[in-house]
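Protein chains: 2
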Amino acid sequence: MTTKRRLLLISNSTLHGGGYLEHCQEHIVKFLGKQVKRVLFVPYALHGRDDYAKIARQKFESLGYGLDSVHEAENPVEAVQNCQAIFIGGGNTFRLLKALYDNNLIPAIRKKVLEDGIPYIGSSAGTNVATITINTTNDMPIVYPPSLHALGLVPFNINPHYLDPDANSKHMGETREQRITQYHEEQDTPPVLAIREGCLLLVEGDKATLLGVTGARLFQRGKATSEHDPGHDFSFLLAHS
Amino acid sequence: MTTKRRLLLISNSTLHGGGYLEHCQEHIVKFLGKQVKRVLFVPYALHGRDDYAKIARQKFESLGYGLDSVHEAENPVEAVQNCQAIFIGGGNTFRLLKALYDNNLIPAIRKKVLEDGIPYIGSSAGTNVATITINTTNDMPIVYPPSLHALGLVPFNINPHYLDPDANSKHMGETREQRITQYHEEQDTPPVLAIREGCLLLVEGDKATLLGVTGARLFQRGKATSEHDPGHDFSFLLAHS
Ligand SMILES: [Ca+2]
Ligand SMILES: [Ca+2]
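Just so you know, the protein sequences line up as chains C and X, in that order. Heads up, the final residue of the first sequence is numbered 991 in the working numbering, and it's a clean run with no missing numbers. Heads up, the final residue of the second sequence is numbered 991 in the working numbering, and it's a clean run with no missing numbers.
Any given hint could turn out to be false.
It does not matter which identical chain is meant; a pair holds if it fits inside one copy or across any two.
Said to hold, decoys possible - Derived EDC-like pairs: lysine to aspartate or glutamate, alpha-carbon spacing no greater than 20 Å straight-line: (1) K861 / E927; (2) K780 / E828; (3) K804 / D914; (4) K973 / E936; (5) K920 / E776; (6) K957 / D914; (7) K754 / E935; (8) K848 / D983; (9) K787 / E936; (10) K848 / E935; (11) K848 / D938; (12) K784 / E936; (13) K848 / E936; (14) K973 / E772; (15) K920 / E772; (16) K861 / E935; (17) K973 / D916.
Hints were generated in silico from the structure; no laboratory data involved.
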């Protein structure tokens, strides 16, 4: 079941104190390599698509790549069919997923990534939609997508911006750990890889590796939670396909 | 358009350092009054319904009320039709709303509250589902309800457990304020009353009053956000019906 898939799934676009995509720019350049000249950007997670595309364009141009935004394309499906690489940015995951459905991009992106093997970069909401469902997004459900099923480029869930419980907090809302545990109270729920800010997951075919400077926690239904450092091999999570 | 509606919408079941419903128990007793003898509890927001009903029963019995849990009823719709008061507890709002739909309780509860005038108490998720939609829940979408439309007992949204932005935080996920602002970027979105922990909204017919010890922020699409202390009259929010 080896696929051509190549994914770079980033927890967060901006790390505290740094610029947009600064903390992961070297990974992006290495991941895209020399063959990619232009990247197709998907700005749907934010309301101001023009402004968002401008910020992304500036960054990718500074790294030596051209950037087209799918919201400027006459035919978004054709834009996907013809692209060399895709970058889906963060924002609100519900808004993003709904727009992917509204524009009929789910099958187009799946084919391009899983069959044609073009590189896919996701950040935050763009990482959530790369997984099997958006059940473990942190975002507010400001719109109602036709399903929580997402691109399914990997057969598990990711929780980006993972936050450890704060022992000093007096706030009584659920901790992130409690929320993910509630997800696993439901039947047949897949593993959740919770990646802290500063952390990213590189997937190449059937191999998955944690990159970045912070670690990740793995939550699995009916099993103990485990902590993993950058460099960890998460390929076994791909075997559920 | 005066309705018989009587609602007590609580931000949070437990306030830091206190017991279950302790911070609002005097409001509950005053709200239910002397005529109500038994309360129908809806435990759907948590996975462990038996345990949850036990906790709620203990608390309501200590206040002098009997408690039946709807999950123990042979026919949940009939249990609603025959009840004297309803209390919907907190947990996961998506799970709660899905179970309300699955058990066909939405029209039954609406009729009981809006036409028959029985008292409705909601806490956290139970407050979210009392409003027009659950678009402004803080919870993780661990299940997919058939709609985000909720009981619609009031024509606006509530954000419970409201948290002010933390200027010292290095976490880059959206603040609560940013999340609600993103909601209002969508067309035709109703006001959002953001109630801090320790805060509750009393609705009697066409009158709404903020109670408790903390304040609330009111977010309205295209208008400046405003801050309000306990005692504030929010009746104008009911006029959108
Ligand atoms: Ca987000
Ligand atoms: Ca909750």
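Cross-check of the supplied hints:
1. In this assembly of identical chains, K861 and E927 lie within 20 Å of each other by CA distance neither inside one copy nor across copies; the values are 34 Å within and 38 Å between.
2. In this assembly of identical chains, K780 and E828 lie within 20 Å of each other by CA distance neither inside one copy nor across copies; the values are 27 Å within and 63 Å between.
3. Proximity of K804 to D914 under the C-alpha cut-off of 20 Å is found in neither arrangement, the shortest distances being 33 Å within a copy and 30 Å between copies.
4. Taking the closest pair of Cα atoms, K973 and E936 come within 20 Å of each other only inside a single copy of the chain (14 Å); across copies the shortest separation is 40 Å, beyond that limit.
5. With identical chains, the CA atoms of K920 and E776 are never at most 20 Å apart, being 39 Å at best within one copy and 22 Å at best between copies.
6. Proximity of K957 to D914 under the C-alpha cut-off of 20 Å is found in neither arrangement, the shortest distances being 27 Å within a copy and 41 Å between copies.
7. Taking the shortest Cα distances, K754 and E935 never come within 20 Å of each other, neither inside one copy (33 Å) nor across copies (38 Å).
8. Proximity of K848 and D983 under a CA criterion of 20 Å is satisfied in neither setting, with 32 Å inside one chain copy and 37 Å between copies.
9. Taking CA atoms no more than 20 Å apart as the test, K787 paired with E936 passes in neither setting, with 44 Å inside one copy and 35 Å between copies.
10. Only between protomers do K848 and E935 lie at most 20 Å apart by alpha-carbon distance; the minimum there is 15 Å, versus 26 Å within a single protomer.
11. In this homomeric assembly, K848 and D938 come within 20 Å of each other (Cα to Cα) only across copies, at 17 Å, whereas the closest approach inside a single copy is 24 Å.
12. For the identical chains of this complex, K784 and E936 are neighbours neither inside a copy (44 Å) nor across copies (40 Å), given an alpha-carbon limit of 20 Å.
13. In this homomeric assembly, K848 and E936 come within 20 Å of each other (Cα to Cα) only across copies, at 13 Å, whereas the closest approach inside a single copy is 24 Å.
14. When the C-alpha separation of K973 and E772 is checked against a cutoff of 20 Å, the pair qualifies neither within a copy, at 35 Å, nor between copies, at 35 Å.
15. For the homomeric pair K920 and E772, the shortest alpha-carbon distance between copies (16 Å) is at most 20 Å, but the shortest distance inside one copy (33 Å) is not.
16. For the homomeric pair K861 and E935, neither the shortest alpha-carbon distance inside one copy (33 Å) nor that between copies (32 Å) is at most 20 Å.
17. Proximity of K973 and D916 under a CA criterion of 20 Å is satisfied in neither setting, with 23 Å inside one chain copy and 34 Å between copies.
Hints 1, 2, 3, 5, 6, 7, 8, 9, 12, 14, 16 and 17 from the earlier list are contradicted by this structure; the remaining hints agree with it.
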